[in-house]
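Build the full structure now, drawing on both the sequences and the hints.
So the protein sequences, as listed, match chains H and S. Take the first sequence: its position 227, counted from the start at 1, is 227 in my numbering, and no numbers get skipped. Take the second sequence: its position 126, counted from the start at 1, is 126 in my numbering, and no numbers get skipped.
Watch out, some of these pointers could steer you wrong.
What the hints assert, rightly or not - Result set (PhoX-like, lysine-lysine): computed pairs, CA atoms no more than 20 Å apart in a straight line: (1) H:K247 / H:K257; (2) S:K211 / S:K237; (3) S:K247 / H:K257; (4) S:K307 / H:K307; (5) H:K58 / H:K35; (6) H:K252 / S:K247; (7) H:K35 / H:K91; (8) S:K109 / S:K126; (9) S:K257 / H:K247; (10) H:K83 / H:K53; (11) H:K211 / H:K277; (12) H:K237 / H:K211; (13) H:K91 / H:K108; (14) H:K201 / H:K35; (15) S:K252 / H:K247; (16) S:K290 / S:K201; (17) H:K247 / S:K247; (18) H:K237 / H:K257.
Claimed, not checked - Using C-beta positions, here's what the derived DEER-type ranges look like: (19) H:R301 / S:K53: 50 to 56 Å; (20) H:P105 / S:Q300: 43 to 49 Å; (21) S:K126 / H:K247: 23 to 29 Å; (22) S:E305 / H:T48: 45 to 51 Å; (23) S:K237 / H:K290: 43 to 49 Å; (24) H:P105 / S:D276: 39 to 45 Å; (25) H:V214 / S:A64: 49 to 55 Å; (26) H:L243 / S:K53: 42 to 48 Å; (27) S:G131 / H:D215: 26 to 32 Å; (28) S:K91 / H:D251: 50 to 56 Å; (29) H:R75 / S:N227: 29 to 35 Å; (30) S:D261 / H:E241: 48 to 54 Å; (31) H:R301 / S:E80: 50 to 56 Å.
Worth flagging that the hints you see were computed from the coordinates, not collected in a lab. Glycine included, each C-beta is placed from N, C-alpha and C at the ideal position.
Protein chains: 2
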Amino acid sequence: MINNRLCSLLGINYPIIQGGMVWVSDWHLASACSKAGILGTLGTGSMTHDQVKSNIDKMNELGAQPFAVNIAMLRDDADEIGKIALERGVKIFITSAGNPANIIPLLKKEGTICIHVVPSIRGAVKAEQAGADAIVCEGYEAGGHNSPYETTTMALVPQVVDAVRVPVVAAGGIADGRGIAAAMALGADGVQMGTRFIATKECNSNDNHKKIIVDAPDTGTCILGRNLNMLRVVRNKFADEMLAAEKEGADKEALLKIIGDEFNRNRAASVEGDMDKGTFQAGQSSGLVKDIVPVEQLIQRLLAEYKETVEELRARS
Amino acid sequence: MINNRLCSLLGINYPIIQGGMVWVSDWHLASACSKAGILGTLGTGSMTHDQVKSNIDKMNELGAQPFAVNIAMLRDDADEIGKIALERGVKIFITSAGNPANIIPLLKKEGTICIHVVPSIRGAVKAEQAGADAIVCEGYEAGGHNSPYETTTMALVPQVVDAVRVPVVAAGGIADGRGIAAAMALGADGVQMGTRFIATKECNSNDNHKKIIVDAPDTGTCILGRNLNMLRVVRNKFADEMLAAEKEGADKEALLKIIGDEFNRNRAASVEGDMDKGTFQAGQSSGLVKDIVPVEQLIQRLLAEYKETVEELRARS
Numbered sequence: 001m002i003n004n005r006l007c008s009l010l011g012i013n014y015p016i017i018q019g020g021m022v023w024v025s026d027w028h029l030a031s032a033c034s035k036a037g038i039l040g041t042l043g044t045g046s047m048t049h050d051q052v053k054s055n056i057d058k059m060n061e062l063g064a065q066p067f068a069v070n071i072a073m074l075r076d077d078a079d080e081i082g083k084i085a086l087e088r089g090v091k092i093f094i095t096s097a098g099n100p101a102n103i104i105p106l107l108k109k110e111g112t113i114c115i116h117v118v119p120s121i122r123g124a125v126k127a128e129q130a131g132a133d134a135i136v137c138e139g140y141e142a143g144g145h146n147s148p149y150e151t152t153t154m155a156l157v158p159q160v161v162d163a164v165r166v167p168v169v170a171a172g173g174i175a176d177g178r179g180i181a182a183a184m185a186l187g188a189d190g191v192q193m194g195t196r197f198i199a200t201k202e203c204n205s206n207d208n209h210k211k212i213i214v215d216a217p218d219t220g221t222c223i224l225g226r227n228l229n230m231l232r233v234v235r236n237k238f239a240d241e242m243l244a245a246e247k248e249g250a251d252k253e254a255l256l257k258i259i260g261d262e263f264n265r266n267r268a269a270s271v272e273g274d275m276d277k278g279t280f281q282a283g284q285s286s287g288l289v290k291d292i293v294p295v296e297q298l299i300q301r302l303l304a305e306y307k308e309t310v311e312e313l314r315a316r317s
Numbered sequence: 001m002i003n004n005r006l007c008s009l010l011g012i013n014y015p016i017i018q019g020g021m022v023w024v025s026d027w028h029l030a031s032a033c034s035k036a037g038i039l040g041t042l043g044t045g046s047m048t049h050d051q052v053k054s055n056i057d058k059m060n061e062l063g064a065q066p067f068a069v070n071i072a073m074l075r076d077d078a079d080e081i082g083k084i085a086l087e088r089g090v091k092i093f094i095t096s097a098g099n100p101a102n103i104i105p106l107l108k109k110e111g112t113i114c115i116h117v118v119p120s121i122r123g124a125v126k127a128e129q130a131g132a133d134a135i136v137c138e139g140y141e142a143g144g145h146n147s148p149y150e151t152t153t154m155a156l157v158p159q160v161v162d163a164v165r166v167p168v169v170a171a172g173g174i175a176d177g178r179g180i181a182a183a184m185a186l187g188a189d190g191v192q193m194g195t196r197f198i199a200t201k202e203c204n205s206n207d208n209h210k211k212i213i214v215d216a217p218d219t220g221t222c223i224l225g226r227n228l229n230m231l232r233v234v235r236n237k238f239a240d241e242m243l244a245a246e247k248e249g250a251d252k253e254a255l256l257k258i259i260g261d262e263f264n265r266n267r268a269a270s271v272e273g274d275m276d277k278g279t280f281q282a283g284q285s286s287g288l289v290k291d292i293v294p295v296e297q298l299i300q301r302l303l304a305e306y307k308e309t310v311e312e313l314r315a316r317s
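Written as structure tokens, this is what we have:
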């Protein structure tokens with residue numbers, strides 16, 4: 001498969017990034033991904049400072065393969081997470097869910113590589129201006145936090161590719177080699193996948209999070225909190241309750257009451273495996289995920305599928 | 001470019017279908033598309049019976065290239081439109097926006113080819129069982145009527161490809177050769193494009209409909225009536241008014257009052273060019289459309305872009 005400018009930038013064998021996700025991408029998944037030749041990523045969104053430290057220490061202990069630390073800009077202590085990671089020699093950062101204009105210069109001053117996740121051309125151009133070395137361009141079909149713009153991967157990627165000079169990574173709706181080839185056809189230099197990596201042996205999530213993804217049909221995810229803080233999850237009892245309330249025009253206060261504050265619903269899903277009350281973050285690509293496999297086997301399968309797709313495309317043309 | 005089983009089925013040179021659209025796809029656009037080697041389609045959703053007749057007569061007069069008649073299943077007189085078309089020798093039908101289980105057997109009894117537009121695997125399987133010869137699989141990014149499932153082209157196409165045996169046509173978010181190559185990589189046998197064909201010299205729409213598409217940015221469309229009858233349009237004064245009311249939790253009655261019944265907003269947009277009050281139906285691919293060109297020139301450009309994309313993909317692999 002492709003060894004392109006994204007691979008050169010990141011020092012990886014295949015232009016695939018494992019997306020940083022709350023609760024389900026600690027060192028177990030990230031190290032397996034890095035070992036398999038792609039970019040593993042620690043998702044720090046749900047980690048305490050101590051957990052960030054111990055996860056990075058574990059990655060460093062395990063060897064020299066490149067890995068990234070994902071920092072969600074909506075955390076008030078984003079800068080501190082950055083500092084903790086820099087102290088431990090982290091070389092690649094992926095910033096998301098917010099404006100990276102302040103943190104990118106701080107991180108780049110230490111000679112690191114910075115990638116920023118965006119839902120629009122405007123976000124991409126601003127991140128490039130702030131010094132981002134690559135852009136992850138995430139479509140509406142992606143799991144987890146989502147943008148009200150709702151621009152999908154198919155529509156967004158070629159427009160961002162036309163608007164910036166740095167490498168562009170497509171995210172959202174991709175779970176097999178056909179999706180990778182499609183992203184490359186749209187002009188992307190690589191892909192970021194999240195959902196597909198939850199359904200791996202190495203992922204530290206509760207088995208129920210893996211199972212709900214494998215079982216989800218093509219219409220199995222939805223957006224919760226369209227007027228609050230959009231989140232794509234697999235439909236379950238809680239999601240249907242929220243959707244019904246939103247459809248009936250419930251206001252912010254009423255919705256926050258349904259969400260409640262008795263526990264963290266993301267944690268309830270991914271750590272406790274609470275099938276009824278948890279919010280199981282996942283993308284529309286869940287419908288394409290049919291099994292739980294070791295990361296190395298998944299990467300080899302993706303490469304084979306990608307190769308087959310490109311050859312078939314060539315033969316049919 | 002590809003001459004595949006979709007081309008053989010329809011008797012066309014290139015596996016591209018011009019989507020049937022209300023108000024903007026009469027014989028002017030459909031005949032130009034058929035002449036250029038793709039499948040031109042009369043969108044009858046907005047036509048009177050007399051207009052359906054005269055448009056088909058005009059297509060027949062202009063020559064023998066294959067063309068299709070699109071019938072929206074939400075019209076009460078769908079069967080009658082079918083009868084009018086059959087009487088005039090129409091050979092290809094595209095049914096959409098509803099259940100085609102009753103009409104497909106009626107149309108196929110006369111030896112015609114039937115294609116049905118779906119937003120889900122379930123719709124695709126049911127259409128295939130009803131006798132559809134091909135499936136158009138339309139993602140959330142597409143313009144006009146839209147499904148509450150919201151599954152996007154990137155996520156939906158490979159899943160539908162895996163679920164049916166008939167040719168699958170990808171629709172939604174595609175406006176250039178990169179998009180066509182991406183759709184083919186996902187396993188589609190061809191593409192349907194609508195928005196891109198509005199911005200052509202031959203399209204009978206008001207110039208303002210063409211202009212609003214050319215001017216739209218990547219974030220320029222939105223879904224109206226999420227709880228009524230979802231419609232993707234380019235944002236304008238009316239769309240923003242509706243969005244604000246929906247965000248505030250306006251009920252069905254209040255929304256219908258905003259929509260009003262003084263005039264047809266689709267007609268106001270596409271025929272009158274009313275920039276403030278009209279609903280300009282278009283997909284997220286609007287952001288990729290930068291010019292208004294003759295159909296023949298557009299098709300040649302799409303073919304060149306497609307070829308270049310596939311060659312580049314091959315070279316990079």
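Outcome of the hint check:
no.	hint	in the structure
1	H:K247 / H:K257	16 Å, holds
2	S:K211 / S:K237	16 Å, holds
3	S:K247 / H:K257	18 Å, holds
4	S:K307 / H:K307	18 Å, holds
5	H:K58 / H:K35	14 Å, holds
6	H:K252 / S:K247	11 Å, holds
7	H:K35 / H:K91	16 Å, holds
8	S:K109 / S:K126	18 Å, holds
9	S:K257 / H:K247	18 Å, holds
10	H:K83 / H:K53	11 Å, holds
11	H:K211 / H:K277	16 Å, holds
12	H:K237 / H:K211	16 Å, holds
13	H:K91 / H:K108	9 Å, holds
14	H:K201 / H:K35	14 Å, holds
15	S:K252 / H:K247	11 Å, holds
16	S:K290 / S:K201	13 Å, holds
17	H:K247 / S:K247	11 Å, holds
18	H:K237 / H:K257	16 Å, holds
19	H:R301 / S:K53: 50 to 56 Å	54 Å, holds
20	H:P105 / S:Q300: 43 to 49 Å	46 Å, holds
21	S:K126 / H:K247: 23 to 29 Å	25 Å, holds
22	S:E305 / H:T48: 45 to 51 Å	50 Å, holds
23	S:K237 / H:K290: 43 to 49 Å	46 Å, holds
24	H:P105 / S:D276: 39 to 45 Å	43 Å, holds
25	H:V214 / S:A64: 49 to 55 Å	50 Å, holds
26	H:L243 / S:K53: 42 to 48 Å	44 Å, holds
27	S:G131 / H:D215: 26 to 32 Å	31 Å, holds
28	S:K91 / H:D251: 50 to 56 Å	54 Å, holds
29	H:R75 / S:N227: 29 to 35 Å	34 Å, holds
30	S:D261 / H:E241: 48 to 54 Å	35 Å, violated
31	H:R301 / S:E80: 50 to 56 Å	51 Å, holds
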